[in-house]
Amino acid sequence: MATLEVEALEKRFGGVQAVRGVSFAIRPGEMLALIGPNGAGKSTCFNMLNGQLRPDAGRVRLKGRDITGMAPRRVWRLGVGRTFQITATFGSMTVRENVQMALLSHHRRLMRLWRPVARMDASAADALLARLGMAEQAGRPCGILAYGDLKRVELAIALANDPALLLMDEPTAGMAPQERVGLMALTADIARERGIAVLFTEHDMDVVFSHADRILVLDRGTLIAEGAPAAVRADPRVREVYLGSGNMMSPGQGGH
Amino acid sequence: MRWCGPSGRRADPALLENLVLQALSGLASASSLFLVASGLTVIFGVSRIVNFAHGSLYMLGAYLAWTLVTNLPRGHLGFWGGVLGAALLVGLIGLVVEVLLLRRIYRAPELFQLLATFGVVLIVQDLALLAWGPQDLLGPRAPGLRGSIEILGLRFPLYELFLIGVGPVVLGLLLLLFHRTRWGTLVRAATQDREMVGALGVNQRMLFTSVFFLGSVLAGLGGALQLPRESVNLHMDLSIIAEAFVVVVVGGLGSLSGAALAALLIGELHAFGILVFPKITLVLVFLVMAVVLVVRPHGLLGRPAAAAHGAGAAEPPIGPAPRPLKLAGGAALALALLLPPFAGNYALTVLTDIAIFVLFAASLHLIMGPGGMASFGHAAYFGLGAYGAALAAQWLGASMLGGLVLAPFVAGLFGLLFGWFCVRLSGVYSAMLTLAFAQIAWSVAFQWVELTGGDNGILGVWPDAWAAGKLTYYYLALALCLGSTLLLRRIIHAPFGYALRAQRDSVLRAEAIGIDAFRIRWLGFTLAAAAAGIAGGLFAYGKGSVFPTTMAISRSVDALLMVLLGGVQTLSGPIIGALAFTGLQEQLVRITDLWRLVLGSVIVVLVLFFPQGLAGAARTAWERRHGDT
Amino acid sequence: MLRVTGLSAHYGRAHILDEVALEVAAGEVVVLLGRNGAGKSTTMKAIMGLVPPSAGQVVFDGIPITGRAPFEIARLGLGYVPEERRIFTELTVLENLEVGRRPAPPGMPPWTPARLFALFPSLGAMQDRPGGRMSGGEQQMLTIARTLMGNPRLILLDEPSEGLAPVVVERMAEAIGALKASGLGILLSEQNLHFARGVSDRATIIEKGRIRWSGSIPELLAADAVREQYLSV
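Chains as they are written, first to last, in this note's numbering: chain L, 1 to 256; chain V, 1001 to 1629; chain X, 2001 to 2233.
Check the hints yourself; a few may be wrong.
Said to hold, decoys possible - Restricting the straight-line Cα-Cα distance to at most 20 Å, the calculated cross-link-like pairs of lysine to any residue (SDA-like) are:
no.: 1; chain 1: X; residue 1: K2180; chain 2: X; residue 2: R2115
no.: 2; chain 1: X; residue 1: K2208; chain 2: L; residue 2: Q137
no.: 3; chain 1: X; residue 1: K2208; chain 2: L; residue 2: S23
Since the hints were made in silico from the structure, they are not lab data.
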């Protein structure tokens, strides 16, 4: 069964139709990229999947269960992890504490008033951070972390819930090229290892074409292409509205 | 009473005519209110500073106008020249305040700026007292507008009619200024991103100063134009600032048209409220504000503010207390335990108060620090605890222990109720709603005489015999306050405290990992209210009586001062702040009549030189010496 | 025209810029290449007076500008286009341009909204639209246009291609080419080498706040080891 099924999603803001009739599905372990020009509706789409926005019409199903319009925190409990375009972490906490918060929430222990956090779920958090290569940073406050490291912390937080689906909004924005490839390779490994479906938006075409199993192209709220990287790259309509002549990408990239 | 309609029309007129006049009178009030509120909202729009001192500028406008008008030759030139001259002088005073004080703290946290302007309020109060004396001053009436005209057979003062015209004219001019001139465009741009405006070649310091000048002129004008209407006195500042805040918040922060609409609403509410609901006039305005904010969380015409650019750095993580702090705390505790048997009665009273205020401040800190919410009305829960205990003693004949157990429950219950509304909003709006509920609680205590004794309070709330001695009661208060404060600290280190900080740091991330931010804030608010209730209950038995002043605005402000003086970012901050503030005020009142001037100056100096509060400054110094992280 | 020597800046005790030196001549495009956090934005902010430098000198057109207020620096003819766009979302396109307007130095034809709409045609079609209702690419065009309204002789252009669709990046490259042709000096910061090499004359590589390499674009393209080490592409 598909991890996520999206059916005829619609959203209007005032007079603007931001998303119209978008349908797609993701299988466990699959890396699916959502690309398109600025303002094409990518973020709107994303925000409807995890409940930050309520769609005007259409259905979102997670492992067969209807989650349309559910609040983000309920969607999370059903197994959807999320990273943000502009990183959102708890700046006044250490890296470890950030992950501990996700674990404590997962185990429904947030309302406890007595036992200090320092003694709860610390080793589980450390194990997760080690998997992401962040073990050495565990004790540092998130407020002073480099941007690329924050992206990794976000990934660790998103994974704390053993999600079935990861939603990553521009996961490598603001990272150096080398870091981008590293992070996406790691994500792909973990996704395959644990059977997590990953949906990501991305502006770096090198990242998209080397890590996506499949690509969706959105323009003015509508899906205009869907398929394997090579086919999407060759699609004339995609070239016209989005990719351009291809001068702005590294030469000779294609699939992996 | 300022809000009573025009006098001299007691001739039993028909109802309709009376209503029309009442409406006109409301319009005149609305007009005056708009002048002050427009200045406040303009200044807030650009500088994001909630300027408490705006009421002081209004008061200075009235005093200066009185001085000018009574000294200048009589006639049109003398009067109108005096009024305009006063407005401009107030503009200059505002300009000086901006250049000397506010300009230096634009990057400081919002509440710190508020604290600084509150320091200015205290300073101006004593300076005005020195310059003009404590007696009310009466000004002359406006030349050419002394008489009244007949409307529907009833007499209506010409001057009121003139005021009705002033508001719309000023609104029109301001809208033109902001939307049709380059200066206005620059100001609106600076409202959003002042640094970027500077990088585009605009001297944004001058721009801010000019905005502050304009806002101050409007406040001064508002005050000066009151001269023919009411006497000039030293209470004008705080009475107008509360109303002006209500108008600005109801209208939507930074929105001129919103302020006009809200001034209209509030002005008419006053005019008719006194006819329809004479019993609850004091709360009516705050009830309306509460309703508006519940329905429209950003006021009538306000919009959610975009996050200020480059806004404050992340707060530091909390950790175990460093050794020197533990040693200092231990030493302080030893003193608090060992010294009192040798202290006199007065000292014991002061020490008991300090213990109570430490808990009061610590409870507010839970909301403000980890919770990231501001409360201008925390005294409500202190007072509700006190009244809970006192009412139980008076009506149920409860023992002291019963009263003390009841206090946190009463306060917590109301915290649960009021908090449900307050924690939905953010920033200044939320803070204003807490103020509204505190005012509602205060006026119920004040006006429900049958239950609470009103202004006479509830007397005879004495401790049980075993705790009647001052020393015993001190130890009881110390034990309960210290225990509760330590409990609050424990909670901050526990998952719930972390969840509070999590939603403060990033609601987006909190919700994305299953944290119900609303519920967390709500419970945090309730816990803080209950803790304040314990403090209030102890306060009631310590004094033997309870008065409405236990939950007055000034007590809420005291708590804010304690937390901010100590420092929001550190757990020891509220404790140090409560010690410093209570000690300082207690001493100042004893040694000088000008304690407001001294306290205000101390606050201003602290804000300028210790923007992280006393505990924050100590920590920075300690970290610098020992090498941080 | 712009000469930076020994420019250092600190954040707390951390060195964020360490003796940065670079030069941009009139009508020249110099690209500052480096990873995220390497110090590109900070270099620009320090030049502009938005970050206080702890040491070093910035001379613009023979005038030392170190330690001056940003608005004074802007008035001397140095324009700044920030990375995060920072347009005034409540103001219309025309009002955004008005905020940037400054008189042109003698002998230079002043930028007008009409001239700018010719350079960025998509902006002309939305003159009265509030900045908040524009797409990212349009906003990026508007930030450049807004800075040009100040009639600068040199602009600092911080990562203009970041987050833009490849098609829009191509249009951006054309606009930068036109500006260079008009005699404007440009200090560009970029991570996108493909974009940078098309529009720049010279490149300077920054890493951990320190200048590691400087040379012409052909030299950079030939220096595989340098690219490998600092740019990882």
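- Query: Within 20 Å, alpha carbon to alpha carbon, are K2180 of chain X and R2115 of chain X?
  - Reply: holds (15 Å)
- Given pair status - S23 of chain L, K2208 of chain X, alpha carbons within 20 Å: violated (45 Å)
- Task: Please work out if K2208 of chain X and Q137 of chain L have their alpha carbons no farther apart than 20 Å.
- Result: Between K2208 of chain X and Q137 of chain L the Cα gap is close to 19 Å, so the pair holds against 20 Å.
The structure shown violates just one earlier hint, number 3.
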